[in-house]
Amino acid sequence: AQSVTQLDSQVPVFEEAPVELRCNYSSSVSVYLFWYVQYPNQGLQLLLKYLSGSTLVKGINGFEAEFNKSQTSFHLRKPSVHISDTAEYFCAVSEDFGNEKLTFGTGTRLTIIP
Amino acid sequence: ETGVTQSPTHLIKTRGQQVTLRCSSQSGHNTVSWYQQALGQGPQFIFQYYREEENGRGNFPPRFSGLQFPNYSSELNVNALELDDSALYLCASSLEQNTEAFFGQGTRLTVV
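Sequence order for the protein chains is A and B. Just so you know, our numbering puts 61 at position 61 of the first sequence, and the rest follows in order with no gaps. Just so you know, our numbering puts 1100 at position 100 of the second sequence, and the rest follows in order with no gaps.
Derived from the structure by calculation, the hints contain no laboratory data. Wrong hints could be hidden among the right ones.
Derived pair list, reagent style DMTMM-like, types lysine to aspartate or glutamate, alpha-carbon separation capped at 25 Å [said to hold, decoys possible]:
1) A:Lys69 x B:Glu1100
2) A:Lys49 x B:Asp1085
3) A:Lys58 x A:Asp96
4) A:Lys69 x A:Glu16
5) A:Lys49 x A:Asp96
6) A:Lys49 x B:Glu1096
7) A:Lys58 x B:Glu1100
Using the sequences and the hints, build the whole thing.
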């Protein structure tokens, strides 16, 4: 069975500072990894995904993530955050190619401090 | 191209009642997945439908059931509602299996 752990439930960051949101996963097979963002009263929007190839993945809104197989991690980073980045961020894993039947972490609430 | 739309946006039901939630897939999408997101939690996979057939199910009891129609829209039915069923229910559609899924804004169900 696969699982996802998001180590920080809340992360406060000053505007224009860098941020890293941590995600670790466990699975007995090869996995595909995703980060989603959820703004208040909204559904989920895909930020980026790792399916294969380069371990550094670039996504929308200036976010990037690095897949580290030895550490079973997929941390999300942004070099300079903006007020509009305030949202809930979810890491997810799937054993299917694509992003169906996802297993999600419990989320990290990113709060940007002006 | 319209996105994934869900109805209603909010719903209040009494324990023991039955509820039907609806999802209209993005145009041309034949795969629909449903997720339950309890307050403060990540979404949990309920089940998926592909071309009107159930194609995978998460750890949810049989009182959670679904349908997919020929136009690929979908329903989630929950019988004998319990207080713990209170959650945001998310629908996601994709063009085919194993392609990116697009999420609707969800239906917030409150069971009292």
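Consistency of the hints with the structure:
Distance restraint check for Lys69 of chain A and Glu1100 of chain B: the Cα-Cα separation of roughly 23 Å lies within the 25 Å cut-off, and the hinted pair is therefore satisfied. In summary, the hint linking Lys49 of chain A to Asp1085 of chain B is not supported, as the alpha carbons are separated by about 30 Å, beyond the 25 Å threshold. Distance check on the hinted pair: Lys58 of chain A and Asp96 of chain A sit about 21 Å apart at the alpha-carbon level, within 25 Å; holds. Among the hinted pairs, Lys69 of chain A with Glu16 of chain A is inconsistent with the structure: their alpha-carbon atoms are about 30 Å apart, more than 25 Å.
Between Lys49 of chain A and Asp96 of chain A, the direct Cα distance comes to roughly 13 Å. Compliance with the 25 Å bound is thereby established for this hinted pair. Using a Cα cut-off of 25 Å, the hinted pair Lys49 of chain A and Glu1096 of chain B holds, with the two alpha carbons roughly 18 Å apart. This hinted pair checks out: Lys58 of chain A and Glu1100 of chain B have alpha carbons roughly 16 Å apart, not beyond 25 Å.
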